Amino acid sequence: MAPECYDREYNELVDTYAFGMCFLEMVTGEYPYIECSNQIQIFKKVYTGVKPKSLGQVKDSRVKDIIEKCMLPMSVRPYAEELLKYPFFLYNGGSSTLEACAPAPNFVKEVKAKGTPEFMAPECYDREYNELVDTYAFGMCFLEMVTGEYPYIECSNQIQIFKKVYTGVKPKSLGQVKDSRSERYNRKVYASPVC
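So in numbering that gives the first Met the number 0, spot 167 of the sequence shown is number 166, and the numbers just go up one at a time.
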């Protein structure tokens, strides 16, 4: 959660913050602020601008720069449109820099399922999953950034979201994606074994 969420004064820039946290987790294989033993410690660090220790594990300076920009105070944090213009996200010959930064498979230890239903991969509900759930969550964050809508906004409750996610029904907002690069990325996310 972005620091401004605690003050209940926020806008779509909280999605940029969440994107940075998902990106950090995908690159390091650790939950951000895993060094904290409870929610209060996390709150204090987030609210006062203390960065997660796992950020120190990010070796690629371009990736670290993007994550740090996502964690900037709301007044200077980039919007999704600005972030997507970074050279890191541009495609070259069908692949992106992002694909080159993917960690080795099976590097994440299984933990209890936690998360927001709209961003949880179907296998999370069966508690049989691996690091590919992060790819799914990243795809959902990316979809939200591109469309400006929460995935599965057409659902009125968590049960409806669960049914759609678990049965493989894609969010309606996916139909709004017009950028061919974003379409290619989302097709890869939905074509992965987790979906």
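Please keep in mind that the hints were generated in silico from the structure rather than gathered at the bench.
This structure is a prediction, so every number in the text was calculated from the model and none was measured.
Certain hints may be false.
[To be verified] For lysine to aspartate or glutamate, the following EDC-like pairs were computed, each having C-alpha atoms within a straight-line distance of at most 20 Å: (1) Lys84 to Asp14; (2) Lys50 to Glu34; (3) Lys44 to Glu67; (4) Lys171 to Glu148; (5) Lys63 to Asp14.
[Claimed, not checked] Just the calculated beta-carbon pair ranges, DEER-fashion: (6) Thr166 to Pro72: 18 to 24 Å; (7) Thr115 to Gln40: 30 to 36 Å; (8) Glu153 to Met0: 21 to 27 Å; (9) Ile158 to Ser60: 24 to 30 Å.
The C-beta atom is built at its ideal place from N, Cα and C for all residues, glycine as well.
- Task: Could you tell me whether the CB distance from Glu153 to Met0 stays inside 21 to 27 Å?
- Result: holds (24 Å)
- Message: Tell me if the straight-line CA distance from Lys44 to Glu67 falls inside 20 Å.
- Response: Judged against 20 Å, a Cα distance of about 15 Å means the pair holds.
- Quick one: are Ile158 and Ser60 within 24 to 30 Å, going by C-beta? For Ser60 against Ile158, whose Cβ atoms are near 44 Å apart, the range 24 to 30 Å is violated.
- Sort out whether Asp14 lies within 20 Å of Lys63, counting only the CA atoms. Measuring from Cα to Cα gives roughly 18 Å; hence the hint holds.
- Does Lys84 pair with Asp14 here, judged by a C-alpha cut-off of 20 Å? holds (16 Å)
- Query: Is 30 to 36 Å right for how far apart the beta carbons of Thr115 and Gln40 are?
  - Reply: violated (21 Å)
- Query: Are the Cα atoms of Lys50 and Glu34 separated by 20 Å or less?
  - Reply: Holds. Lys50 to Glu34 sits at ~11 Å (cutoff 20 Å).
- Query: At the C-beta level, are Thr166 and Pro72 separated by a distance inside 18 to 24 Å?
  - Reply: Given a distance of about 40 Å, which is not inside 18 to 24 Å, the answer is violated.
- Message: Tell me if the straight-line CA distance from Lys171 to Glu148 falls inside 20 Å.
- Response: holds (10 Å)
Checked against the numbered hints listed earlier, the structure breaks hints 6, 7, 9; every other hint is satisfied.
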